[in-house]
Amino acid sequence: MKNIQLDDAGRLRHFLTVEGLPRELLERILDTAESFSGVIEKSVKKVPLLRGRTIINLFFEPSTRTRTTFELAAKRLSADVLNINVATSATTKGESLLDMLRNLQAMQCDMFVVRHGDSGAAHFIAQHVAPHVGVVNAGDGRHAHPTQAMLDMYTIRRHKGDFEPLRIAIVGDILHSRVARSQIHALNTLGAGEVRVVAPRTLLPRDVGSLGAHVYHDIRQGLRDVDVVITLRLQKERMQGALLPSEHEYYQLYGISQERLALARPDAIVMHPGPINRGVEIESAVADGPQSVILNQVTNGIAVRMAVMSMCLEGRGTAAEELT
Amino acid sequence: MKNIQLDDAGRLRHFLTVEGLPRELLERILDTAESFSGVIEKSVKKVPLLRGRTIINLFFEPSTRTRTTFELAAKRLSADVLNINVATSATTKGESLLDMLRNLQAMQCDMFVVRHGDSGAAHFIAQHVAPHVGVVNAGDGRHAHPTQAMLDMYTIRRHKGDFEPLRIAIVGDILHSRVARSQIHALNTLGAGEVRVVAPRTLLPRDVGSLGAHVYHDIRQGLRDVDVVITLRLQKERMQGALLPSEHEYYQLYGISQERLALARPDAIVMHPGPINRGVEIESAVADGPQSVILNQVTNGIAVRMAVMSMCLEGRGTAAEELT
Amino acid sequence: MKNIQLDDAGRLRHFLTVEGLPRELLERILDTAESFSGVIEKSVKKVPLLRGRTIINLFFEPSTRTRTTFELAAKRLSADVLNINVATSATTKGESLLDMLRNLQAMQCDMFVVRHGDSGAAHFIAQHVAPHVGVVNAGDGRHAHPTQAMLDMYTIRRHKGDFEPLRIAIVGDILHSRVARSQIHALNTLGAGEVRVVAPRTLLPRDVGSLGAHVYHDIRQGLRDVDVVITLRLQKERMQGALLPSEHEYYQLYGISQERLALARPDAIVMHPGPINRGVEIESAVADGPQSVILNQVTNGIAVRMAVMSMCLEGRGTAAEELT
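Chains as they are written, first to last, in my numbering: chain V, 121 to 444; chain Z, 121 to 444; chain C, 121 to 444.
Because the hints were derived from the structure by calculation, they are not lab data. Possibly wrong hints are sitting among the right ones.
Any copy, or any two copies together, can satisfy a pair, since identical chains are not distinguished.
[Claimed, not checked] As a list, the in silico DMTMM-like pairs of lysine to aspartate or glutamate whose alpha-carbon atoms are at most 20 angstroms apart:
1. K166 / E434
2. K356 / E379
3. K162 / D387
4. K280 / E367
5. K162 / E434
6. K280 / E181
7. K356 / D219
8. K356 / E147
9. K356 / E367
10. K356 / D345
11. K162 / D327
12. K356 / E139
13. K356 / D327
14. K280 / D219
15. K166 / E367
16. K280 / E139
The model shown is predicted, which means the values in this text are computed figures rather than measured ones.
Just chain V, with the same shape it has in the complex:
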């Protein structure tokens, strides 16, 4: 099956999932992000790469945080950005999703950044857009959140260099995390030495064996000698589903404390996709401590999103060329 994300020349056309993307492409994303990091750090933070391009943030579920990072990234590439909150707008007139997409692309929009509650929504949209339109997945159901995964990869590479000698532990709610699956795929593709998932049985997917990670239920064993600790956000609403006893008990069993972090390598870094629940997934002393790179992840997220957006639109034909 052809990978819808790539064109015949192997260029990125959509960014929906890290699954199935070759190592060299992931590395090109990281290298491109590296070049934008310098831009972000200058006081004039803009590059004219996407001047005249229009990017639509098409959000079917609200996420101010995610929308903000994509909007900033797009503006720093000099694109025009429109935010469309679908829940409160077009659907009220009973228009179908596909008709809405066809309309927006007829307005010569160049990219949809899609956030949706259903797994596969971004993929469905990418299958139906016109050739001039790129689609970036900003989180779909439990499935994938690939720019988050790539900013994590970028953060690891910036702090640790080569992936091959690294041991990485992903701790927490693997089952419901859009991020964890993308991370495991990306780490394996980039050749990470050892990927571990650390979680109670109730928060692991059934197919965990096929994900390409070693499973630990005991946090102390899972953290031992790792170079990178990735904590996941605990969705509090899961606790009502009896998957978790209580926040307090979760912290007792899986929270990252200074004492537990001491089991990892002394130069280990600690990551979290945010927003953090202090005292639940992570102790404040760790979140704000010297090994935490949580805020660096946020900074890196802008550069990685700039990379993905500019790569998806690079060398793309315009709408006019298609119509004729």
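We have chain V already, so just place chains Z and C on it with the hints.
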């Protein structure tokens, strides 16, 4: 009575309705839109014509779709755009409409794009703004939606050339349509050969005789030998008012099917202002078929709005000149 | 105690309150605003001073009017602007205020324009942001609304020149006004000859004696021979708290009518922060009359906000310099 839309030199100052505008002005709008169509089709879609100008989308009723098209058009002219949803904002402090307008124009805004539920609202606003401010009607009550009418004219001209030999049928809810009145005026002004309206008696205005269109109640007679079929959107809320029996029955009587379209000329084009109700006003096979220009209308809408906005602001004095 | 608003070289780093700012700094704000007034009045209203900078409107309570003025000012300085309505966004995920701020500044945002219902909120935020981030107070509780105060000073200076010979009366709800305190401070710092407050006892703060203003309860005595009349907005919700008998009675006692205005100097100007309640604080004949400068205040507000924003960011190090 002086036409508030034109200055003494005959230049467009506001765009409120196509009624009363001379043929050469409508043609200048179409010609200007033509020049912008080339811009839109380039990959760098911006022109600096309105750089430094501020355009306010002043929406008294929500319409994501219409707001999006004006916002895109303004940004492609390099203007700054502010969206103000009046329903949820200023009026909560009890400020009068005129005080709100005076404030916004004191902030040196150059244009109000007005959407309002009451007929004549845009006209009222245009009468009260300062001389440096242009007003564009983005739909007021049942009255007018002139940029929609002009994008329809532009679409017809692009596909059919000269208006004079053309027969055009407008099908559907003429009574409640903001678009139909504007279309009939524009078509007559531009010299269209024959304008028909096709609708049940309950969906025709009482003054239909004075609109300048031939009335048909039978869809098969109405479509015969026409060059252009314009379907109107059916407002579903009308059906509760007993003006319409049901969607199904409406489709039986007035829906555009492939079979009925065969009564028109073989090269007839099919238009719809969107969003379409598939299977109510129009069959999917027609909406997505080779004679449909529905998505072209959307594309053309950007160029036409760019034309109207830039013409209204062309050569206008600044606020400072007025104040001194 | 060090003034958090100034750096060691006496430059403005945050603009939280006029209290404690030296006269020469207030004058520099007015002079800078003067230079931007020329820009605003040109038809191309933009200067590239803040190109590549990102300004976040961080609104914890909605105010379309205030948000609009800051957004326009930022765009005329060529900054990118993001609006974040905190009430409806981040807090829904339970993130703390400080974590939200840390995230936004990690995205390399340069300035927060803060609107908050609690006194001192902007000051709290300014104490916790990274060194590269400036904070501007857009109104916090009853405490301060310093850009409003400065646009009032600017308006007075533009119409009256030197502050020293002037008598200024501030009329209305001093107790609940975020603006009045800032105004009194600014007027005294700028050397105004005489500052009066005119209000019923129930609408004066207990510490009114220490504010630096003469207190009048009688409107006729308070207005006699003044050069400037500043009316405050009456918050209608106060009347439910029994602090005020009725709108009608308030107007009888403190409303600015033409007849009362005749007690002031013949060239006195009349100001109001808006939105005005016609027939409550002020008669329409006065609000729209030749002595009213109410709309000039609105225009001046853009220039003053441009001045404050550009001064706060002038010569500031970038985030990157801090991180290394």
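Results of checking the hints against the structure:
1. Taking the shortest Cα distances, K166 and E434 sit within 20 angstroms of each other both inside one copy (17 angstroms) and across copies (18 angstroms).
2. For a Cα distance limit of 20 angstroms, the shortest separation of K356 from E379 qualifies neither inside one copy, at 25 angstroms, nor across copies, at 57 angstroms.
3. For the identical chains of this complex, K162 and D387 are neighbours neither inside a copy (29 angstroms) nor across copies (51 angstroms), given an alpha-carbon limit of 20 angstroms.
4. Taking CA atoms no more than 20 angstroms apart as the test, K280 paired with E367 passes in neither setting, with 32 angstroms inside one copy and 63 angstroms between copies.
5. Taking the shortest Cα distances, K162 and E434 sit within 20 angstroms of each other only across copies (14 angstroms), while inside one copy they are farther apart (23 angstroms).
6. Proximity of K280 to E181 under the C-alpha cut-off of 20 angstroms is found in neither arrangement, the shortest distances being 35 angstroms within a copy and 43 angstroms between copies.
7. Taking the closest pair of Cα atoms, K356 and D219 come within 20 angstroms of each other only across two copies (18 angstroms); inside a single copy the shortest separation is 36 angstroms, beyond that limit.
8. In the homo-oligomer, the alpha carbons of K356 and E147 never lie at most 20 angstroms apart, since the shortest distance is 35 angstroms inside one protomer and 52 angstroms across protomers.
9. In this assembly of identical chains, the alpha carbons of K356 and E367 lie at most 20 angstroms apart only when taken from the same copy (8 angstroms versus 45 angstroms across copies).
10. When the C-alpha separation of K356 and D345 is checked against a cutoff of 20 angstroms, the pair qualifies neither within a copy, at 30 angstroms, nor between copies, at 64 angstroms.
11. Taking the closest pair of Cα atoms, K162 and D327 never come within 20 angstroms of each other, the shortest separation being 45 angstroms inside a single copy and 48 angstroms across copies.
12. Taking CA atoms no more than 20 angstroms apart as the test, K356 paired with E139 passes in neither setting, with 28 angstroms inside one copy and 44 angstroms between copies.
13. Taking CA atoms no more than 20 angstroms apart as the test, K356 paired with D327 passes in neither setting, with 23 angstroms inside one copy and 47 angstroms between copies.
14. For a Cα distance limit of 20 angstroms, the shortest separation of K280 from D219 qualifies neither inside one copy, at 46 angstroms, nor across copies, at 25 angstroms.
15. When the C-alpha separation of K166 and E367 is checked against a cutoff of 20 angstroms, the pair qualifies neither within a copy, at 42 angstroms, nor between copies, at 52 angstroms.
16. Taking the shortest Cα distances, K280 and E139 never come within 20 angstroms of each other, neither inside one copy (23 angstroms) nor across copies (49 angstroms).
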